[in-house]
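Start from the sequences, fold in the hints, and give me the full structure.
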Amino acid sequence: MATSDVKSQGAAELAMGQSPARKNAGLVGQYLTLGLLSLLVLGPIGLTVIQALSPPFRYVSAGRPLHPVEVSWQDRTWFSGGPLSLVVRTLIVFALLAWLQKVASGGGWKDKAYLVPSRIVAIVGGTVALALVMNPLFQSFFKADGNTAVLYAAAVVAVAATQVWAYLSPARSPITSVVMALFTGFGLISFCIVTMGPTVWTLAWTRYDLGPAMGRSFVMTICVTVLQVSTAIMAAYAFVFLRFPFKRILFALFMATLLLPLEVTLVGNVATIRQLDWTDTMKALVLPFGAAALGTFLIRQGFRGLPTEIQDATRLDGYGHVAFLTRFAVPLTRPVIAAFTVISALSAWNQYLWPRSITESNSFNTLQIQLRLAAASEVPNANQAIAAALVAAVPVVLLLIAFQRQIIRGLTAGAVK
Amino acid sequence: MTPSPAPAARRPVRRALVGLTAVGLLGLAACGAPPTTTGSGSGRNAEGSEAKIDPKDCPISALDEAKGPVKVNLWFSGLVDPALGVLQDMAKRYNASQDKVVVTTNNQGNAYQEGLAKYRGASATPAQLPQIQYLEDTMLGELVDKGQVLPAEACMEADGFDPTQITPAARAAYSVDDVLYPGYMNVSTPILYYNKVHFQKAGLDPDNPPKTLKEIEETSKKLKAAGVSKKPFSFKADQWFISTWLSGVGEKMVNNNNGRTKPASEATFDSDAAKEVFGDLQRMDEEGLLNAFPVTDGSIDHYLALINEDSSMVVETSTASGTIAAALGGELANGTGGVKIDTSALDGKKIVPGSAEYPGLQSAGQIYASGGAFYIMNTSSPAQQAASWDFLKFMWKPENATIWHTQGGYLPALKSIVKSPEVTKFQETELDGKLLTPAVNQLATADPDNSGPLIGPYESFQDILQGALEKVLFNGADVDKSLASAQADATALLKDYNGS
Chain A
1 MATSDVKSQG AAELAMGQSP ARKNAGLVGQ YLTLGLLSLL VLGPIGLTVI QALSPPFRYV
61 SAGRPLHPVE VSWQDRTWFS GGPLSLVVRT LIVFALLAWL QKVASGGGWK DKAYLVPSRI
121 VAIVGGTVAL ALVMNPLFQS FFKADGNTAV LYAAAVVAVA ATQVWAYLSP ARSPITSVVM
181 ALFTGFGLIS FCIVTMGPTV WTLAWTRYDL GPAMGRSFVM TICVTVLQVS TAIMAAYAFV
241 FLRFPFKRIL FALFMATLLL PLEVTLVGNV ATIRQLDWTD TMKALVLPFG AAALGTFLIR
301 QGFRGLPTEI QDATRLDGYG HVAFLTRFAV PLTRPVIAAF TVISALSAWN QYLWPRSITE
361 SNSFNTLQIQ LRLAAASEVP NANQAIAAAL VAAVPVVLLL IAFQRQIIRG LTAGAVK
Chain B
1001 MTPSPAPAAR RPVRRALVGL TAVGLLGLAA CGAPPTTTGS GSGRNAEGSE AKIDPKDCPI
1061 SALDEAKGPV KVNLWFSGLV DPALGVLQDM AKRYNASQDK VVVTTNNQGN AYQEGLAKYR
1121 GASATPAQLP QIQYLEDTML GELVDKGQVL PAEACMEADG FDPTQITPAA RAAYSVDDVL
1181 YPGYMNVSTP ILYYNKVHFQ KAGLDPDNPP KTLKEIEETS KKLKAAGVSK KPFSFKADQW
1241 FISTWLSGVG EKMVNNNNGR TKPASEATFD SDAAKEVFGD LQRMDEEGLL NAFPVTDGSI
1301 DHYLALINED SSMVVETSTA SGTIAAALGG ELANGTGGVK IDTSALDGKK IVPGSAEYPG
1361 LQSAGQIYAS GGAFYIMNTS SPAQQAASWD FLKFMWKPEN ATIWHTQGGY LPALKSIVKS
1421 PEVTKFQETE LDGKLLTPAV NQLATADPDN SGPLIGPYES FQDILQGALE KVLFNGADVD
1481 KSLASAQADA TALLKDYNGS
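First to last, the protein sequences are chains A and B. Going letter by letter, the first sequence gives residues 1 to 417 in the working numbering. Going letter by letter, the second sequence gives residues 1001 to 1500 in the working numbering.
A portion of the hints provided could be inaccurate.
Part of the chain A face toward chain B, derived, beta carbon under 7 Å [stated by the list, open to error]:
(1) SER54
(2) PHE57
(3) VAL270
(4) PRO331
(5) ARG334
(6) GLU360
(7) ASN362
(8) LEU373
(9) GLU378
(10) VAL379
Source of the hints: derived by calculation from the structure; they are not laboratory data. Bear in mind that the values here come from a model prediction, so they are computed numbers and not experimental data. Glycine included, each C-beta is placed from N, C-alpha and C at the ideal position.
See the structure below:
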């Protein structure tokens, strides 16, 4: 072994008594463990996707339970399905490739390290190549002409070819780069086939009217979340920074509402809504959830963590309550508020019992009601219900990805104090 | 960090004050006027009523006088495709056929219970009730007792629709004090489905399935001995089958002629016949002949047992024909289409579905009419009540009643269509039509005097009977004790419901 090598990279490991072989073995072990763990987490989702693809009885009759025995493929190309969906799917692939290049460059979005010719070629070229190779592939799946495997491999190679140049930097060997490119190609092509190829997704979407239901769920979720977060912030502010009689007892009463789950008050609340003649209205969906004790509690804890000196200083500077709240208290407790926003949005989105109790007209159903109706619609087509559930999960998954940092911060907020 | 707390000495006083205020508020809230359950009609009289229907109860002329289109809102539950699609299509075609009435259909849930729960919630605010409700046959008692249903027989009489053209067993099952309540019925009955291939393999006649529960046991023994299926009789432990076995031979589940002459006040199902049924099932279970599954929402395990070939027979509702055809018919794709299967075609196949009349306690086909029914609510305006009947009358047209049978899978509720060319063609050319045939025949010949029980609190009654069945099948409980304690519980329930 050359001395320069030892100095440049081996020194540290040798000093720690680790041979390169042991280090590699350790790495392999780590990756294997991580791979197994991710399989444990992602496996069920994969199985669900497989279940969604073909009708249940055909599995059983064919005696091959976990293999899609009969997937009905769409007669489509990359460019079919209307301009909106074309733009959306192209943008998704574009964003995925851009994200991969950002990761491969080792920098963040702000470093703009992905803005070099090789990476731009990978992003744009990859998108174009994918859009072109998908057409024969979709057709081959639809016609079941027997060339699918060959076309699949060719498509993977074509997309991979656009990525190799970009993966060469920073300082990767050609073999690593080719392997990475092939993985990228395989992953992207498979993703596009599974999400766009089978008819079951569009079928579930149209048959169970998921679009309008999802729209209503969105409106409801946004209204509930905005209301809950704003009332919780104001209530928490009052409980922490204002002085008024019976404060602690009032807070205890506030918290006591946590002990009353929805089911306890359901019958009475439904009767109230009926007497107000509010069935099938958005206000009936939103208003009963306008304030939440949990949010008040969480944000109060956040506010209590603010040093009193800040409030004193702002007072000296002549700030009133509103200015202190909006310019100091809220920005300083942003992680807690963001975490509560996500919790509140998720629970509003997933609500079933309340909307089911106060909607009568099917044209006012929320997404979860539609899913429930789909769930037992027809036994031989039970896979459509699974497909509908997966489609309905997409916005939640996107929300989780977008807010994962806040969620984790929120969960650990106050853990170390 | 928090502002300093209030002085300790004052706190208990404050707490007491706030506590008192809270209690006071609760008290005030409790004094608020409770919602009232009122309809223009009245429930059944505990003494039994002699009141006959009056055509004037049904304001059919109000529709002619109505200005502008009359809106009819229909709530349904417990309907799945393809029947769900048939109802929606029926409303669409009706709306297109005339311009006085607009019917909208709104699904209130997958299970009949969800629809009933929705009705219970809305019954206190009659103005928000729909004009038509589709609910299960078992809910007839509660609906009549709540007094918000317009007996459709009044409309039939006022409109010159002869109720005797309705299949007698269906009419009897849905009548209270000889008055037919629903405006249209989707009738279903339980039947036996079986795998002809297994019968063939075990040396049994594939076209001669068991006719009684005892014969099921004997056949199961032969099938198990021949090694063609592990647990030959797949059984969803639903009390409906028990109720059918008992009522089918004239046994009464409750007193007062199964609650039909007067409201039931006592449960009477702890009979020798019930002990025999429970005992037979338990013995079959212990001998490994019964493949019992608990009832859960949307469960398909009892079908899967047939597909996996663990079992050879199952009793299920006739409406399941479509599911059975789709599930078991998959193996018949090459040429036969599943219809007119001769014995030679059985060789080399795994599953060939067949069906037969419900194996009763004494003979085949001892059933009563079940299913779901459309009720006109008396809480809406006269024009809406008339419009509701007009829509249901549309469904009684022979061509539409036929569609309910051939596409929706429900049994013919009109006597005239049982032998009609369309129905005969359906039975001869479609697999589900063929499977439905025994159900059609047994309904046509069923004894109208052996209708199922009519009980106000049917849901809780079902739970009690269901509990006894599950204890016997899944916990190995003693049959006599389980039935006796279930009967005591059911009697207490009826007394409580009747307020005595």
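Comparing the hints with the structure gives:
1. The beta carbon of A:SER54 is not positioned within 7 Å of any beta carbon in chain B (closest approach about 12 Å), and the interface hint is therefore violated.
2. The interface hint given for A:PHE57 is met, as the beta carbon of that residue sits about 4 Å from the closest beta carbon of chain B, less than 7 Å.
3. For the restraint placing A:VAL270 at the interface with chain B, the shortest Cβ-Cβ distance is roughly 5 Å, inside the 7 Å limit, so the hint holds.
4. Below 7 Å, beta-carbon pairs count as interface contacts, and A:PRO331 has none with chain B, the closest being about 18 Å; its hint is therefore violated.
5. Taken as an interface hint, A:ARG334 does not check out: its beta carbon lies about 19 Å from the nearest beta carbon of chain B, beyond 7 Å.
6. With its C-beta approaching chain B no nearer than about 6 Å, A:GLU360 sits inside the 7 Å limit, and its interface hint holds.
7. About 5 Å separates the beta-carbon of A:ASN362 from the nearest beta-carbon of chain B, less than 7 Å, and the hint is met.
8. Because the smallest distance between the Cβ of A:LEU373 and any Cβ of chain B comes to about 6 Å, under 7 Å, the interface hint for this residue holds.
9. Satisfaction of the interface hint for A:GLU378 is found here, the shortest Cβ-Cβ separation to chain B being roughly 4 Å, below the 7 Å cut-off.
10. For the restraint placing A:VAL379 at the interface with chain B, the shortest Cβ-Cβ distance is roughly 5 Å, inside the 7 Å limit, so the hint holds.
In summary, the numbered hints that this structure violates are 1, 4, 5.
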